[in-house]
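Peer 1: Starting from the known structure of chain A, fit chain B onto it as the hints suggest.
If you read the protein sequences in the order shown, they are chains A and B.
Everything in the first sequence is counted per this note's numbering, starting at 17 for the first residue and increasing by one.
Everything in the second sequence is counted per this note's numbering, starting at 21 for the first residue and increasing by one.
To be clear, the hints were calculated from the coordinates, so they are not data collected in a lab.
Here the structure is a predicted model, which is why all the values come from computation and not from measurement.
Please note: incorrect hints may appear among the correct ones.
Which bits of chain A does chain B cover? Going by a derived footprint, with three or more residues having C-beta under 8 Å, they are [said to hold, decoys possible]:
| id | region |
| --- | --- |
| 1 | 200–214 |
| 2 | 220–231 |
Here are the computed lysine-lysine pairs in the DSSO-like style, where the Cα-Cα straight-line distance is at most 30 Å [stated by the list, open to error]:
| id | chain 1 | residue 1 | chain 2 | residue 2 |
| --- | --- | --- | --- | --- |
| 3 | B | Lys171 | A | Lys201 |
| 4 | A | Lys216 | B | Lys38 |
| 5 | B | Lys163 | A | Lys216 |
Covered, in the sense of this in silico footprint (three residues per stretch, anywhere, with C-beta under 8 Å from a C-beta of chain A), are these stretches of chain B [as the list claims (entries may be wrong)]:
| id | region |
| --- | --- |
| 6 | 126–136 |
| 7 | 154–166 |
Each residue gets a CB set at the ideal place from its N, CA and C atoms; glycine is no exception.
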Amino acid sequence: MSAQKTAKEDKHRELKLSMEVFFSNKSAVAGLVIFLFYFFDAIILQFFPQVMPFKHPYSLTPNYVNPIPLPPSKKFPFGTTYPGVNLLTAIIKSIRLDFWLSLAVVVPGAFLGVIIGIVATYFGGLVDEVLMRITDIVFSIPYLVLAIAIGYVLGRTLDSMMIALILVWWPLYARYARSVTLEVKEITFIEAARAAGSSKMKIMFRHILPNSLPPVFVQMSLDLGTIMLTISALAFIGFLPAANLPELGYLTSLGYNYVETAPWAMIIPGMFIVLFALAVNLMGDGFRDVIDPRRRSAL
Amino acid sequence: MIIAARKLTKYFEIKGVKNAFIRAVDDVDIEIKEGEIVGLVGESGSGKSTLGRLLIRLIDPTSGEILYNIPDDELEEYDIALENNDEKAAKKIADKYSITRLKGEDLRRFRRNVGIVFQDPYSSLDPRWKIEDIIAEPIIETKAMKPEEAKKRVEELLDEVELPREFKNRFPHELSGGQRQRVALARGIATFPKLVILDEPTSALDVSVQAEILELLRSLRKKYNMAMLFITHNISVVSYMSDRIFVMYAGKIMEKGYKNDVIKDPQHPYTIALISAVPQIKRTMQRIILKGDPPNLLNLPKGCRFHPRCPVALPVCGWTANELKPTLEFLIETKYFTEFPNVSIEIKGERELIVNNADPEKLRQVVNAEKENARVLLSIKEIASNGNSSIIRLHEYKTPKLYKLSNSREVYCLLFDPTIKERFKQP
Numbered sequence: 017m018s019a020q021k022t023a024k025e026d027k028h029r030e031l032k033l034s035m036e037v038f039f040s041n042k043s044a045v046a047g048l049v050i051f052l053f054y055f056f057d058a059i060i061l062q063f064f065p066q067v068m069p070f071k072h073p074y075s076l077t078p079n080y081v082n083p084i085p086l087p088p089s090k091k092f093p094f095g096t097t098y099p100g101v102n103l104l105t106a107i108i109k110s111i112r113l114d115f116w117l118s119l120a121v122v123v124p125g126a127f128l129g130v131i132i133g134i135v136a137t138y139f140g141g142l143v144d145e146v147l148m149r150i151t152d153i154v155f156s157i158p159y160l161v162l163a164i165a166i167g168y169v170l171g172r173t174l175d176s177m178m179i180a181l182i183l184v185w186w187p188l189y190a191r192y193a194r195s196v197t198l199e200v201k202e203i204t205f206i207e208a209a210r211a212a213g214s215s216k217m218k219i220m221f222r223h224i225l226p227n228s229l230p231p232v233f234v235q236m237s238l239d240l241g242t243i244m245l246t247i248s249a250l251a252f253i254g255f256l257p258a259a260n261l262p263e264l265g266y267l268t269s270l271g272y273n274y275v276e277t278a279p280w281a282m283i284i285p286g287m288f289i290v291l292f293a294l295a296v297n298l299m300g301d302g303f304r305d306v307i308d309p310r311r312r313s314a315l
Numbered sequence: 021m022i023i024a025a026r027k028l029t030k031y032f033e034i035k036g037v038k039n040a041f042i043r044a045v046d047d048v049d050i051e052i053k054e055g056e057i058v059g060l061v062g063e064s065g066s067g068k069s070t071l072g073r074l075l076i077r078l079i080d081p082t083s084g085e086i087l088y089n090i091p092d093d094e095l096e097e098y099d100i101a102l103e104n105n106d107e108k109a110a111k112k113i114a115d116k117y118s119i120t121r122l123k124g125e126d127l128r129r130f131r132r133n134v135g136i137v138f139q140d141p142y143s144s145l146d147p148r149w150k151i152e153d154i155i156a157e158p159i160i161e162t163k164a165m166k167p168e169e170a171k172k173r174v175e176e177l178l179d180e181v182e183l184p185r186e187f188k189n190r191f192p193h194e195l196s197g198g199q200r201q202r203v204a205l206a207r208g209i210a211t212f213p214k215l216v217i218l219d220e221p222t223s224a225l226d227v228s229v230q231a232e233i234l235e236l237l238r239s240l241r242k243k244y245n246m247a248m249l250f251i252t253h254n255i256s257v258v259s260y261m262s263d264r265i266f267v268m269y270a271g272k273i274m275e276k277g278y279k280n281d282v283i284k285d286p287q288h289p290y291t292i293a294l295i296s297a298v299p300q301i302k303r304t305m306q307r308i309i310l311k312g313d314p315p316n317l318l319n320l321p322k323g324c325r326f327h328p329r330c331p332v333a334l335p336v337c338g339w340t341a342n343e344l345k346p347t348l349e350f351l352i353e354t355k356y357f358t359e360f361p362n363v364s365i366e367i368k369g370e371r372e373l374i375v376n377n378a379d380p381e382k383l384r385q386v387v388n389a390e391k392e393n394a395r396v397l398l399s400i401k402e403i404a405s406n407g408n409s410s411i412i413r414l415h416e417y418k419t420p421k422l423y424k425l426s427n428s429r430e431v432y433c434l435l436f437d438p439t440i441k442e443r444f445k446q447p
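Pulled out of the complex, with its shape left as it was, chain A reads as follows:
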């Protein structure tokens, strides 16, 4: 009984240690806080839009009576952008789309990439050679060009944008998973599993996969920011299905024509893109510390 308690306590202690490592990194905590703001914004708008005082939570509300951007004031804390869009509410609305799109690209991309990377490494030889060469080929395609091409084929929808990005994002994870797997598969416990009679599938998915996932998670958190930048870039060059879709890159492009007379119209939405990228990067660094045994034992 008491020993069971200690086992639980041990688990607890591990978690506590992880938290300690993470929270000792001040910038990572700052990143986490900012990330949580974005996260809750996305959650609330997605699932409880009625909480917010918006008439149209999923589209921009233009004001053609006064379309010229107005500077920040009491009524419009972030000012307005063309055509008379309140930037504060527009940004709150935009974050939802950007956040879910980033997740929708990173998660399947990472899933596909990790599976391909692990299969390639564990089987080795010809399988490895073929899979990694395919990875190289896909890796060499510029993603913006591919996204535009797919947009022409499948139509300019959010889905086609997502598909295009997933298609080019997995090679990164395939390579990453391969490098981690190469390391894990040489550790003796894999040999022990073979001596125990485990099948290749079991070894791959029950031994190698769990051991190569933590670094992949770190990579995913870092990638969230990059993907949001990419999506914004696509929206900025006009790759959006509808003209009043709230999206940060699109908001930035709306203020583009007024950059000399109303710089806030471009700077403020742009800042929110950069802020998210920065936050997830800082947070990812914190997670990397958590899985790094040297950092753990230093505390």
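Peer 2: Chain B in isolation, oriented as in the chain A frame:
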């Protein structure tokens, strides 16, 4: 015999290089009786771990046969068949007991009968698995028991290796090195195996923990009556643990015999040197320090692979012109350089050298004077004159085999070859 291997060979291919092989295990015969502890000693890189892994099919042999659970008389029949090149008879026996061609379900069933404990308890346990799952893995994967029974068995095993039962819910990183090795041991014996390979199970532990683990191993052997192959480079541990000892060097068995015979009365020059290096209490050690390094397994010496380092190597132990040339060059260019101006040495084949611009008589004098310091010079059969230069011819070498000294004792050394002994009697 619980397991016997005949002509077991493992060559590792080198990627990207054609016809280059690392000869990790080369034509090895080994046999382990039921319930017997066999010690396998040798230095790093001698192929002892590879041999252990081969025996339980963790790696596949390049050639050779591994026979599992073969009665002694049939093994004898098999040996006779091999000697007479009677392939038909050999195949008939091999088909019955061989495990070299097992696959799928059969291989899995065989895995029930064998276990392995690795050297490093820190890397041999999956850090993301609970102790319970680690120990139960071989039971469940080989379908030795049902999952519910496996749980019970795990508790039994934890008792067996003297760990508290509550440890089953822990993760490996919560355990100390000795505790981890006990877990690894529990996993190794989980399926009641008849043979356990212990691959240096104590060398990663500190001395007090080592002693505990060794005691535990002995008590487990008594209880389960399993055979063990104890792989180590630590002679004292082997002499404490094992019934018989195999000494391995560069992929070959050098000597085998009962523990007391090998330790107290080593016969092979390598074993003698090895045992002379064991620290002793209240006695002055007479260490024999071997020169040089273990050979490159890619390019092994001819004849006996120990001859370049052997302090009593004979002229026929496997010397070749390639080995003689550097020694001669060294002597001619340093100590005797005044006597041999403008000398160059050419290799003319495996057993022939030409020394240009050298007088055979002078060469003979040098060789005679330096014989004591460099055993390679012993291999010179004759020095003939050929105009301006001399031709050096070497003795033809002979490759040794395991010579039987007694029923239980075999030594891989030409010193025990009756035909050779006559010709090169040592003073």
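Peer 1: Hint by hint, where does the structure go against what was stated? Just the numbers, ascending.
Peer 2: none
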